[in-house]
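Produce the complete structure using the sequences and hints provided.
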Amino acid sequence: MGSPSRSPKSGKKGNKRTINSPGREEPYISKAQKLDAQVVARRQELRAEATAASQQAAMEAAQNATTLQELKGIIQSFCSDFDAKLARHIGLMCRKILLLLGFDSSLIDQLEEQGWQAAGPLPRDQFHVPPHAPPPPPPPPPLVLHPDRLLLEVPVACVADTAKIVEQTLATARPGARINFDVMPRTPKAPATGGGGRARPETRLVDVYMMPSSRKSLATLGGELFRRHGIVVRDALTRAGVELRRQRYATYARLREEQKRPRWENGVDVSYVNQAGVRMLYTGPWDGPAPSGPQNNGNGGSGGSGSGTGAGGGAGSAVGGATGGVPGAPPRGVAPPTGPSAMEANR
1 MGSPSRSPKS GKKGNKRTIN SPGREEPYIS KAQKLDAQVV ARRQELRAEA TAASQQAAME
61 AAQNATTLQE LKGIIQSFCS DFDAKLARHI GLMCRKILLL LGFDSSLIDQ LEEQGWQAAG
121 PLPRDQFHVP PHAPPPPPPP PPLVLHPDRL LLEVPVACVA DTAKIVEQTL ATARPGARIN
181 FDVMPRTPKA PATGGGGRAR PETRLVDVYM MPSSRKSLAT LGGELFRRHG IVVRDALTRA
241 GVELRRQRYA TYARLREEQK RPRWENGVDV SYVNQAGVRM LYTGPWDGPA PSGPQNNGNG
301 GSGGSGSGTG AGGGAGSAVG GATGGVPGAP PRGVAPPTGP SAMEANR
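Heads up: the sequence shown at position 228 corresponds to 228 in UniProt numbering, and the numbers run straight through without jumps.
All the pointers check out, no bait thrown in.
Heads up, simulated DSSO-like pairs for lysine-lysine below, C-alpha to C-alpha not over 30 Å straight-line:
hint	residue 1	residue 2
1	K189	K164
2	K72	K96
3	K164	K216
4	K216	K260
Here are the computed distance ranges between Cβ atoms for each label pair:
hint	residue 1	residue 2	range
5	A173	P141	31 to 37 Å
6	P138	D287	23 to 29 Å
7	A50	P134	43 to 49 Å
8	P138	A177	34 to 40 Å
9	P134	R254	40 to 46 Å
10	P175	P138	41 to 47 Å
The hints are simulated quantities; they were obtained by calculation from the structure and are not laboratory data. None of these values were measured; they are calculated from a predicted model. Glycine included, each C-beta is placed from N, C-alpha and C at the ideal position.
Listed below in structure tokens is the structure:
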């Protein structure tokens with residue numbers, strides 16, 4: 001008997017399989033194909049997010065436009081005579097309000113082009129908040145002494161030769177030095193009658209004018225001028241300096257009673273000697289102001305204003321004014337300082 005014949009399909013089965021078919025293999029996918037598929041999926045996600053964001057922005061724009069129209073309506077309701085100028089101010093106000101609320105400036109510009117054309121162009125520079133201006137500087141302190149002037153108390157016999165005496169003293173104390181200065185004696189005034197104080201020696205006040213840079217050099221000649229000719233060198237106080245010195249005179253008198261050897265510095269400042277023997281600048285507290293009128297502080301004679309330079313070269317001073325009245329004249333019933341020299345208190 002013959003063997004049964006086989007059909008062509010009943011032969012050896014192949015190994016190819018289709019996707020999602022049972023018993024069949026899936027096709028091969030490379031890594032590059034997988035990466036491309038991920039990129040395509042991510043692009044689709046980004047496109048969907050952008051579409052949602054644009055829709056959200058459109059909704060916010062519509063809400064902003066509605067809010068803007070409501071604000072304009074509220075403002076216009078309070079204005080009876082609405083014109084172009086008022087519309088301009090309303091637009092500025094609405095813009096500032098929207099900027100403060102955090103709205104986008106580009107959206108506000110778009111709304112301006114659409115709804116604020118009647119108001120005209122808006123100045124953009126008005127929407128920037130200017131920085132806070134710095135506080136004004138404090139006013140300068142008042143001038144207490146004249147930087148280009150000194151006041152000399154000169155015996156009457158030496159008034160005519162004051163300039164020559166100062167030149168000779170300068171040549172002796174500082175050989176080779178040359179300082180340009182002008183001398184101007186003051187007009188003598190009649191002394192007050194009925195005073196109970198001791199008579200003062202006959203002296204005249206003489207103003208010496210020089211450059212401010214040369215003032216200190218001339219002021220340091222006070223010791224030589226006093227020892228040889230009895231001329232007292234003082235600071236020329238201004239009206240403010242005279243008043244400030246009068247207010248501080250009570251403190252000066254207290255330090256003198258405490259044997260602290262007070263001394264006027266720079267016209268109105270007071271220095272004293274502490275317990276360690278070091279001269280210090282007094283900073284307070286200040287006592288009450290002295291009575292009005294010139295006072296004699298007993299440091300450097302009576303008369304004139306500002307610091308006098310003592311016989312030993314130290315800087316002394318006397319209360320008094322370079323302005324008005326008889327500068328530094330002692331009050332009635334108060335005698336000038338006693339001793340062999342009125343300048344010994346400066347030592």
